[in-house]
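A.B. asks: Given chain A's structure and the hints, the job is docking chain B onto it.
Protein chains in written order, with the numbering used here: chain A, 1 to 197; chain B, 1 to 325.
Some hints here could point you the wrong way.
As the list claims (entries may be wrong) - Covered by chain B, according to a simulated footprint, are these stretches of chain A (three or more residues, beta-carbon under 8 angstroms):
1) 36–44
2) 81–92
3) 133–142
4) 159–173
5) 176–183
What the hints assert, rightly or not - Cβ pair distances, simulated, as ranges:
6) B/R45 - A/E49: 42 to 52 angstroms
7) B/S180 - A/S36: 35 to 45 angstroms
8) A/E49 - B/E31: 35 to 45 angstroms
9) A/N20 - B/A79: 18 to 28 angstroms
10) A/D10 - B/R166: 17 to 27 angstroms
To be verified - Facing chain B, according to a computed beta carbon distance under 7 angstroms, are these residues of chain A, among others:
11) A24
12) P48
13) T186
14) L193
To be clear, the hints were calculated from the coordinates, so they are not data collected in a lab.
In this text, a Cβ means the ideal position worked out from N, Cα and C, and glycines have one as well.
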Amino acid sequence: MALKSGVLIDETALIRAAQNGDDAAFEQLVRVYDQSVLRLAMNLLRSPEDAHDVYQEAFLRVFRNLHTFRFDCSFHTWLYRIVTNLCLDHMRKRKVRKEEPTVLATADGPLDRMDAVQEGRVDGDPQRHLFSGQVRKRIKEVLGELTPRERMVFELRHYQGLRLRRIGEILGTTEEAAKNCLFRATQKMRIALGDFI
Amino acid sequence: MSGKRHEAMSCEAARGQFAMLLYGELSFDEEERVESHLDGCAECRAALDRERTIQAAFDSVEIDPAPSLLRECREDLRARLMEQETRPRRARTGWWAQFTDALMLRPAAGWLRPAGALTLLAVGFISARFVPVLSSTGARGGYQSMGFAEPAASRVRYVEPASNGRIQIVLDETRQRVFSGPLDDPQIRALLLAAAKDPSDPGLRVETLDILNTRAQSADVRDALVFALRHDQNAGVRLKAIEGLKPFAREPQVRSALAQVLLSDSNPGLRTQAIDLLTQGANENVDRQIIGTLQELMQRGEQQGYVRERCRRVLESLNASAETY
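Chain A extracted, bound-state conformation (with noise of 0.2 angstroms):
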């Protein structure tokens, strides 16, 4: 059972009504999915354009795969290998090719695209006035340091409240590995922030 804004759904029943053509049905799945898929990808890519194409690229693979799904793991975890993988893509190809910064050199100084985007949980979120910008903007440095795989085991970590051992299963290693590669995470975030906190 998933829940939605109050109302609990049968997704069994919602897979195989998509399964079978129903597309009322695979709308309502992607209903369930999509704020959390976007956030992620969001959060991860740190652009509105990117998180744009790894949604419809998601959505679209569930939608052309979904009758191979056979119910072996849950539709999340089946649903997040796909989003995290496209993720992880582009994480990588920017790495190599540098991609274009957030941070863009103008006639009034440098300017953060990012900064036009809502930020932090909710507005007048006291967590996100406790800290300076530049305690903010140090995070976002070392988030953009962290490798590929180490990023997205923090994200899913620490913003999407995920389990390893689920976040394991989603990036196809062990909970083990998971739990490796976010204490590698942390203690980069710790030591760079050192200076700050």
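C.D. replies: Below, chain B alone, put in the same frame as chain A:
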């Protein structure tokens, strides 16, 4: 005290576990060892507080995608899915693929469809005959342990924490009721007309229209068929609607819906049927209004070969130009 060894763990080892401790990813024993170390080490307790602050700082850079981006993503996905659906699907070949298609009752199954239907029937019979009935009070917990069957869809109306640590949840449940009666019974008819517009289940709409098609001479049924033909998102439902409207293709309301299908429907099969119905008996007394629709199609550079050829012939037979003036 940094670096000093406690009974079971050094400060360095304890601090190495702080992140996992805060994420709740340590085993019971590992957590016990860290906690035990913390009990006797003020410096490590301070270091743990700092780790908490660092973790809290991470939250400050989390991005919530703008609602407009989500909306745009959904709209683009819908458009791309529609593109996919209008492309012809590659035929599955091989006897096993055709057999499984037959089990799924897909149209490509061909001669194996009866075999698939018989197999499903046999599987159903054997299952019902030999598989033991499952207890509805099994050990699955959740809804069943509360004594009621798992509903297809429920809405949580209230969530309230009770004083004893339990949570009270009030559900609005969908319950099934069975109605039975002849097709001309007003209540049955009203339910069928409502089901014909049920947005959640195209299969239900197809079945319903199949039944209603036998009463298409009634104005209320014909309105429902025209509505489905004009507005239903599912091509299968629209095909079922056009089937029921065939005997009434001369009526203005139906002709108007058929013209809309011809001009804008994405399904080639529907457009073929629409032009056949609109131009049947074209040589005798076809209404002149259809000429404008056909000319518009020709001017747009109609891509579907059959429709284009049929348009051309009908316009020729009516001595009408393929262009408007």
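A.B. asks: Are there hints from earlier that the structure breaks, and if so, what are their numbers?
C.D. replies: 2
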